[in-house]
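Q: Using the sequences and the hints, build the whole thing.
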Amino acid sequence: MAQITLKNIAHSYMDAPSEEADYALKEVDHVWRDGEAYALLGPSGCGKTTLLNIVSGLLRPSHGRVLFGGEDVTDMPTAERNIAQVFQFPVVYDTMTVRENLAFPLKNRGIEAQTITERVQRVAAMIGMEDELNRKARGLTADAKQKISLGRGMVRDDVNALLFDEPLTVIDPHMKWELRTQLKRLHGQFGHTMIYVTHDQTEALTFADHVVVMHDGRVVQIGTPEELFERPAHTFVGYFIGSPGMNLLPAEVRGDRAVIDGHEVMLGSGYDDLSGKVEIGIRPEFVRLTDEGGLPATIKRVEDVGRHRLVRAEVLGRPVNVIADEGGPLPSENAQVAFDPARINVYANDWRVEGRAA
Amino acid sequence: MEKTVNHKAWFLVLPVLVLVAFSAVIPLMTVVNYSVQDTFGNNVFFWTGLEWFEQMLKSDRMWNALGRQLVFSAIILAIEVPLGIFVALNMPKRGFWASVCLVLMSLPLLIPWNVVGTIWQIFARVDIGLLGYTLRALGVNYNYTQDFFAAWTTVIVMDVWHWTSLVALLAYAGLQSIPDAYYQAAKIDQASRWAVFRYIELPKMAGVLMIAILLRFMDSFMIYTEPFVVTGGGPGNATTFLSIDLVKMALGQFDLGPAAAFSIMYFLVILVISYVFYTVMTNLDKRDGVA
Numbered sequence: 001m002a003q004i005t006l007k008n009i010a011h012s013y014m015d016a017p018s019e020e021a022d023y024a025l026k027e028v029d030h031v032w033r034d035g036e037a038y039a040l041l042g043p044s045g046c047g048k049t050t051l052l053n054i055v056s057g058l059l060r061p062s063h064g065r066v067l068f069g070g071e072d073v074t075d076m077p078t079a080e081r082n083i084a085q086v087f088q089f090p091v092v093y094d095t096m097t098v099r100e101n102l103a104f105p106l107k108n109r110g111i112e113a114q115t116i117t118e119r120v121q122r123v124a125a126m127i128g129m130e131d132e133l134n135r136k137a138r139g140l141t142a143d144a145k146q147k148i149s150l151g152r153g154m155v156r157d158d159v160n161a162l163l164f165d166e167p168l169t170v171i172d173p174h175m176k177w178e179l180r181t182q183l184k185r186l187h188g189q190f191g192h193t194m195i196y197v198t199h200d201q202t203e204a205l206t207f208a209d210h211v212v213v214m215h216d217g218r219v220v221q222i223g224t225p226e227e228l229f230e231r232p233a234h235t236f237v238g239y240f241i242g243s244p245g246m247n248l249l250p251a252e253v254r255g256d257r258a259v260i261d262g263h264e265v266m267l268g269s270g271y272d273d274l275s276g277k278v279e280i281g282i283r284p285e286f287v288r289l290t291d292e293g294g295l296p297a298t299i300k301r302v303e304d305v306g307r308h309r310l311v312r313a314e315v316l317g318r319p320v321n322v323i324a325d326e327g328g329p330l331p332s333e334n335a336q337v338a339f340d341p342a343r344i345n346v347y348a349n350d351w352r353v354e355g356r357a358a
Numbered sequence: 001m002e003k004t005v006n007h008k009a010w011f012l013v014l015p016v017l018v019l020v021a022f023s024a025v026i027p028l029m030t031v032v033n034y035s036v037q038d039t040f041g042n043n044v045f046f047w048t049g050l051e052w053f054e055q056m057l058k059s060d061r062m063w064n065a066l067g068r069q070l071v072f073s074a075i076i077l078a079i080e081v082p083l084g085i086f087v088a089l090n091m092p093k094r095g096f097w098a099s100v101c102l103v104l105m106s107l108p109l110l111i112p113w114n115v116v117g118t119i120w121q122i123f124a125r126v127d128i129g130l131l132g133y134t135l136r137a138l139g140v141n142y143n144y145t146q147d148f149f150a151a152w153t154t155v156i157v158m159d160v161w162h163w164t165s166l167v168a169l170l171a172y173a174g175l176q177s178i179p180d181a182y183y184q185a186a187k188i189d190q191a192s193r194w195a196v197f198r199y200i201e202l203p204k205m206a207g208v209l210m211i212a213i214l215l216r217f218m219d220s221f222m223i224y225t226e227p228f229v230v231t232g233g234g235p236g237n238a239t240t241f242l243s244i245d246l247v248k249m250a251l252g253q254f255d256l257g258p259a260a261a262f263s264i265m266y267f268l269v270i271l272v273i274s275y276v277f278y279t280v281m282t283n284l285d286k287r288d289g290v291a
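Going down the list, the protein sequences come from chains B and W.
At position 51 of the first sequence (counting the first as 1) the number is 51 in UniProt numbering, and the numbers step up by one without a gap.
At position 127 of the second sequence (counting the first as 1) the number is 127 in UniProt numbering, and the numbers step up by one without a gap.
It should be emphasised that the hints constitute simulated quantities derived from the structure, not laboratory data.
As a list, the in silico DSS-like pairs of lysine-lysine whose alpha-carbon atoms are at most 30 angstroms apart:
1. K204(W) to K176(B)
2. K248(W) to K58(W)
3. K204(W) to K187(W)
4. K187(W) to K26(B)
5. K204(W) to K107(B)
6. K184(B) to K187(W)
7. K26(B) to K277(B)
8. K7(B) to K184(B)
9. K176(B) to K187(W)
10. K184(B) to K107(B)
11. K93(W) to K187(W)
12. K26(B) to K93(W)
13. K93(W) to K204(W)
14. K107(B) to K187(W)
15. K7(B) to K26(B)
16. K7(B) to K187(W)
17. K300(B) to K277(B)
A: Structural data, given as structure tokens:
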């Protein structure tokens, strides 16, 4: 196992990229620490699979170096990098039995039969497929096949990293949860470095210690699930994480006040003068409906999602989502919304601005 | 739920029944009719029962033709299937050259049979043909009109030239349907080139290959035009395959009764072999599922 370092990595699928827009992956500098579980989160086409394939060596980056431990592996083929990868669609060798599938990577590396038998048995126990070892892989369910793919990665106990490329896309919802839990347990037990690519925030937030959020070929924030929720570094993170995403309102910021269309809003801390596109962001969880002391709002729609109610309102011509408790009365006329000052984030040109210490 | 009974539905099937009757059943019955009767002209027929069948089964001529036919089909399958797979594996997967390859590969398939025969008949002639003349000039004793071995080689090479494309195109289609992830996973598993072929490509191609083999078997078993144009079945009877023999019998000698009996047996042989082949292949497929 090793620490994986990406040094100024960038990639373009074009032969002669000239401008920044030609790059599917803009410059990334990142260290994946040994033994940690990372999630790469972002919408389709944001460059996460490109980044993953650069780590696995299926793709050679246009710029930059990839280091495993201290060793430069940029030009090393996939087979020699000693990594394991689980793909979106389960890859199993149809004509082989489950046992042969699991033994395949070891056999190819010329490991002796005795060791292979032991390891296959151990991995089968890990993924819970001991009873199916002698079945042909063809005709198994998608989740069983995906477990085999995972098993083929784990059967080599010296892998540098386990990479997952949206591995649960084709799995039934209830199996998703089970597999994810299993993955997390395996990570806890064996401490492989894991990189998990997904566009599903729940998957990312429940699986990983650190979530790397990507947007438009760029890494916009790396943080714990808590950080991503409370202090999104970029408006995209605020919008992408959370259900629904963060509310954004264009405002002028003066010291510890924000002014939206002439209405003042208290902020949690003071800010220097900001230029460019200035917005304040507040999560629906920290917006309250009230009768007085807030911004005037019109309630457009109320969605009852069981645990709480989601109120779609309009504030000064902007849509604002509010998460309200079950049961409580909703103000009918002259509704107002109030923001929790400590939870307001300020953005200038889409990037978060840190306030002065109070 | 109760099934709706509606006999009017039969009327909808009627056009198909009529079509099949005229295109297949009635012509076939005519042959059956000839095979159990004898005639001396003037539309006067005598019932002969299974006499023609017995005669044909006892005739060395038919057994020899059948033997040649089986050897021919076996040889061309043994060449065209591996060669077709090999070609497909080496064709570019995408881009401009993939299209060029596809067009080039389809060309032989578009040439009419007797034109293929004529091309090779001239190409292989020792007096004016490029191939025949060159071989002769190189000192190879090659003359397909006189030499048994040369005649067979010519007919086989011609068939390989004409039909390997079909196998290659079908195999190529099978290969194209394999997602990239399989190759990437194989790389990660350090699979050798042979292992990739054996465990990924071959299983994924199995379905189309089965169709290719079936088509090539049936087609080669019925081959007529090309050897007829090139060798006319000779030298001697060396390349007289079943169809050629049948035509000689029916039209050359006007032995309609034996020829009809021959036809029916010929048809049954193809049917039985294809059926057995198909069943074996699909069963192999199923057995893989739950072993």
